[in-house]
Amino acid sequence: MSAKTPQTPLLDQLEKGPWPSFVAGLKRLAAAQDKPYAGMMKHLLGQLERSYETKRGYWKGGTVGVIGYGGGVIPRFTELRGKDGKPEFPEAAEFHTLRIMPAPGMHYTTDALRRLCDVWEKHGSGLITLHGQSGDIMFQGCSSRNVQPCFDELNEMGYDLGGAGPAVRTSMSCVGHARCEHSCYDEIRAHTQIINAFVDDIHRPALPYKFKFKFSGCPNDCMNAIQRADMAVIGTWRDDIEIDQREVRQFVALRGRQAVIDNVVTRCPTRSVSLEEDDSLTIDNRNCVRCMHCINVMTKALSPGKDRGVTILLGGKRTLKIGDLFGTVIVPFMKLETDADFARLHELAQNIIGFFAENALEHERTGEMIERIGFANFLEAVGLDPDPSMLLHPRTNPYVRTDGWDEEARKWNARHGAPSAQEDR
Amino acid sequence: MSTPAKPRMPVESGVPDAFQFMHPLLKKNYGQWRWHDRPRPGVLHHVARSGDQVWTVRAGTQRQMDVFSVRTLCDIADRHADGYVRFTIRSNIEFMVAEQAKVPALIAALEAAGFPVGGTGNSVRMISHTQGWLHCDIPGTDASGVVKALMDELHEEFIHERMPNRVGITTSCCEINCGGQGDIAVNIQHTKPPKINHDLVANVCERPAVVARCPVAAIRPAVVNGKPTLEVDERKCICCGACYAPCPPMQINDPEYTKIAIWVGGKHSNARSRPTFHKLVVAGLPNNPPRWPEVADAVKKILRTYQGDARDWERIGEWIERIGWPRFFELTGLPFTSYHFDNWRGGRASLNASTHIRHSAGGGRP
Ligand code: HEM
Ligand code: SF4
Ligand code: SF4
Ligand code: SF4
Ligand code: SF4
Numbered sequence: 000m001s002a003k004t005p006q007t008p009l010l011d012q013l014e015k016g017p018w019p020s021f022v023a024g025l026k027r028l029a030a031a032q033d034k035p036y037a038g039m040m041k042h043l044l045g046q047l048e049r050s051y052e053t054k055r056g057y058w059k060g061g062t063v064g065v066i067g068y069g070g071g072v073i074p075r076f077t078e079l080r081g082k083d084g085k086p087e088f089p090e091a092a093e094f095h096t097l098r099i100m101p102a103p104g105m106h107y108t109t110d111a112l113r114r115l116c117d118v119w120e121k122h123g124s125g126l127i128t129l130h131g132q133s134g135d136i137m138f139q140g141c142s143s144r145n146v147q148p149c150f151d152e153l154n155e156m157g158y159d160l161g162g163a164g165p166a167v168r169t170s171m172s173c174v175g176h177a178r179c180e181h182s183c184y185d186e187i188r189a190h191t192q193i194i195n196a197f198v199d200d201i202h203r204p205a206l207p208y209k210f211k212f213k214f215s216g217c218p219n220d221c222m223n224a225i226q227r228a229d230m231a232v233i234g235t236w237r238d239d240i241e242i243d244q245r246e247v248r249q250f251v252a253l254r255g256r257q258a259v260i261d262n263v264v265t266r267c268p269t270r271s272v273s274l275e276e277d278d279s280l281t282i283d284n285r286n287c288v289r290c291m292h293c294i295n296v297m298t299k300a301l302s303p304g305k306d307r308g309v310t311i312l313l314g315g316k317r318t319l320k321i322g323d324l325f326g327t328v329i330v331p332f333m334k335l336e337t338d339a340d341f342a343r344l345h346e347l348a349q350n351i352i353g354f355f356a357e358n359a360l361e362h363e364r365t366g367e368m369i370e371r372i373g374f375a376n377f378l379e380a381v382g383l384d385p386d387p388s389m390l391l392h393p394r395t396n397p398y399v400r401t402d403g404w405d406e407e408a409r410k411w412n413a414r415h416g417a418p419s420a421q422e423d424r
Numbered sequence: 000m001s002t003p004a005k006p007r008m009p010v011e012s013g014v015p016d017a018f019q020f021m022h023p024l025l026k027k028n029y030g031q032w033r034w035h036d037r038p039r040p041g042v043l044h045h046v047a048r049s050g051d052q053v054w055t056v057r058a059g060t061q062r063q064m065d066v067f068s069v070r071t072l073c074d075i076a077d078r079h080a081d082g083y084v085r086f087t088i089r090s091n092i093e094f095m096v097a098e099q100a101k102v103p104a105l106i107a108a109l110e111a112a113g114f115p116v117g118g119t120g121n122s123v124r125m126i127s128h129t130q131g132w133l134h135c136d137i138p139g140t141d142a143s144g145v146v147k148a149l150m151d152e153l154h155e156e157f158i159h160e161r162m163p164n165r166v167g168i169t170t171s172c173c174e175i176n177c178g179g180q181g182d183i184a185v186n187i188q189h190t191k192p193p194k195i196n197h198d199l200v201a202n203v204c205e206r207p208a209v210v211a212r213c214p215v216a217a218i219r220p221a222v223v224n225g226k227p228t229l230e231v232d233e234r235k236c237i238c239c240g241a242c243y244a245p246c247p248p249m250q251i252n253d254p255e256y257t258k259i260a261i262w263v264g265g266k267h268s269n270a271r272s273r274p275t276f277h278k279l280v281v282a283g284l285p286n287n288p289p290r291w292p293e294v295a296d297a298v299k300k301i302l303r304t305y306q307g308d309a310r311d312w313e314r315i316g317e318w319i320e321r322i323g324w325p326r327f328f329e330l331t332g333l334p335f336t337s338y339h340f341d342n343w344r345g346g347r348a349s350l351n352a353s354t355h356i357r358h359s360a361g362g363g364r365p
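From first to last, the protein sequence lines are chains A and B. For the first sequence, numbering that gives the first Met the number 0 assigns the number 0 to the initial residue and increments by one for each residue that follows. For the second sequence, numbering that gives the first Met the number 0 assigns the number 0 to the initial residue and increments by one for each residue that follows.
Hints in this document: simulated from the structure, not taken from any laboratory. Using N, Cα and C, we set each Cβ at its ideal position, and we do this for glycine too. Where hints are given, some of them may not hold.
Unchecked claim - Straight line, CA to CA, 30 Å or less: simulated DSBU-like cross-link-like pairs of lysine-lysine:
{"#": "1", "chain 1": "A", "residue 1": "Lys-54", "chain 2": "B", "residue 2": "Lys-299"}
{"#": "2", "chain 1": "B", "residue 1": "Lys-191", "chain 2": "A", "residue 2": "Lys-320"}
{"#": "3", "chain 1": "A", "residue 1": "Lys-121", "chain 2": "A", "residue 2": "Lys-82"}
What the hints assert, rightly or not - Non-contacting residues of chain A with respect to chain B, defined by C-beta distances greater than 10 Å in every case (computed):
{"#": "4", "residue": "Pro-35"}
{"#": "5", "residue": "Ser-170"}
{"#": "6", "residue": "Leu-378"}
Pulled out of the complex, with its shape left as it was, chain A reads as follows (with noise of 0.2 Å):
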């Protein structure tokens, strides 16, 4: 079992320049010969080069997993074999990641983190990152006989397989409550709570495919929720914005009128901010977007509302199959900070999936879905009102049948007061 060293001389390519190098990485792990791995991670070497020649991946799929759970580790399996069938670099010839869950918001203690490398010494390819775009820590590079005693290890650190096929996958959340003052709700509380409601969901892929939760905390949306998440859970607020008119003076008084015209009143989309004579700021809140541009430039003299809660948007994906699709609206707006709202999140969250569950084609995705069945019908299917909210304009071709107008406009009345009563308040 001793592996020899690859020529790699377009990968060493890449041990040059500023950027921290993976390649260098690889080759440390490769010379260190008193470790396990050292003769994998020369055949992986091995194998990457061969790629870099001919422009081609090598790897295969196939079942690799632990006892109990159905999915969370890829298997990777070499397919660069000679005529005999036997690998060229056979100690890198099962190659398979584990998915492990790190703790939202991917806070660690340098303890904490130490022993991770040290599991994954002994039982893998000391390549670890950190972090995958699904949200895990990914363990790369374990053989097929050590994936069960690895984690076996990690789990009694207190560490779970992540979700892949079609179940519901990690989640991520950004740092939010933890360190920034934008955050509208405890991100670390939806996240945990809600994932580890639905671990059935994760470690047995049973969904017609994949179902991704992601939370951030203010419209910025730092964990790219709209597009990356089936169910994108964000926060807002629906009161004023705070502003405190000495720090906004200050702003004025340090960068000039000229700029905060430029960078903040004329930029707000929906014209909502004014800069007054006396350098101080109104706005028109009923108008304001919480869309946090103005925020954002003025962190000091502006600050989200007080009566903060989140807006919940479904469907997003990436292109497989019929193209990219955003999530949108489905809740324009709920609190999330007592124990009852944080059950009602789940509850609707269970009503999706389960609806999911039973509706969506194999492979399709929940926006596929709702494009196919239409936004109205998945709506009435999980239990939610119809809102403006949810539209940027109303339809615009006549091709509908309205027959059930009059039962319609009576539930919106039902729900918001008929409409003189609404212009008496």
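Using the hints provided, position chain B with the ligands relative to the given structure of chain A.
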């Protein structure tokens, strides 16, 4: 012989408790932060309602890390940052300290160990990327290599904040799967239909699943040499590679015909404008490991043009929205082609149904 031990069943614990790993200052002021500023690129300064302050130093990493690099980062955190770290969605590492005086030594230690400090504010951020040849089963290129080569070129823009607004670049090593939306996206784009290895289809592929995967219904069951296989209607095929994942004999990756395309103007945040998808601007770049120089040239050309022409706070997409696509192609010198029109369903919405046109004869700039 004793009976075999019962297999260990997993403890279905879900995500670990975050507070056990959180810096004590962050824990103490959880949900109580008041404002922040950036004393210099790569450093954030947050102030809590309690008056507590925390300085965060952000450094780029190679994402796929050997345990030695991770331990080096741990050593730095132990010496300079109370033994706590966190990671960002773009694989940056963050160190938190309670005193500004601790920042310079922390930065020096990171830089000495080869980890660039930056990636805050209006910088070019670390590229968010996928797997590629290192680990995926369908990749057209190597994401980590493209990213390393590009970040070497963009290093100065990572450690400075001199773009009009932040620039988030993404890469994707196949056409359809993991890559995200980016201010600039560097994605695989195949240009020829899959070559089918008929001998293998019968053995390895579940044919109905493959037929169902094709977005344009170009795949049909067929029989070749008496064996069940598949065939592709090449006039319909859009070379997306979707069939390759469920059926490896549908060879979509090709050393020559698998190309790289560049897209611009994607945006996730809701700040100012609503989120937007990125749009195709360049295609047909060669997949040229190990340093992909043609990709770097095109990305830098777009970045330089944006840097020179956009206003403060304009993201790339917002800048183009203001100046218009004709000017974008004019300023970057990139060719405009018939491939920029979108023929997919809903594509008509991207056509100009107005007389709003910026004419290049229309006078000087303000
Ligand atoms: C054989 C098929 C696939 C494989 C092997 C695969 C593998 C992966 C891997 C390894 C990642 C993590 C990437 C990283 O961070 O390094 C990932 C993420 C991702 N994949 Fe896939 N994937 C496959 C199919 C798909 C499909 C069909 C879609 C979309 C319909 C998709 C969408 C995504 C997205 C959006 C992410 C980013 C994760 C996130 O932001 O939540 N993938 N995939
Ligand atoms: S999404 Fe908002 S709250 Fe969360 S980290 Fe980003 S800016 Fe802060
Ligand atoms: S948050 Fe956005 S929409 Fe609201 S006032 Fe500020 S800039 Fe305008
Ligand atoms: S983008 Fe495509 S090729 Fe790259 S890791 Fe994701 S699925 Fe694999
Ligand atoms: S490459 Fe795409 S369009 Fe062509 S046959 Fe395969 S799935 Fe269909």
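Verification of the hints:
1. Using a Cα cut-off of 30 Å, the hinted pair Lys-54 of chain A and Lys-299 of chain B holds, with the two alpha carbons roughly 24 Å apart.
2. Under the criterion of a C-alpha separation no larger than 30 Å, the hint pairing Lys-191 of chain B with Lys-320 of chain A is consistent with the structure, at around 19 Å.
3. The suggested pairing of Lys-121 of chain A with Lys-82 of chain A is violated, with an alpha-carbon distance near 33 Å, which exceeds 30 Å.
4. Distance check for Pro-35 of chain A against chain B: the nearest CB is about 12 Å away, which clears 10 Å, and the non-interface claim stands.
5. Its beta-carbon lying about 8 Å from the closest one in chain B, Ser-170 of chain A breaks the requirement of being farther than 10 Å from that chain.
6. No Cβ of chain B approaches the Cβ of Leu-378 of chain A within 10 Å, the least distance being about 21 Å, so the stated non-interface status holds.
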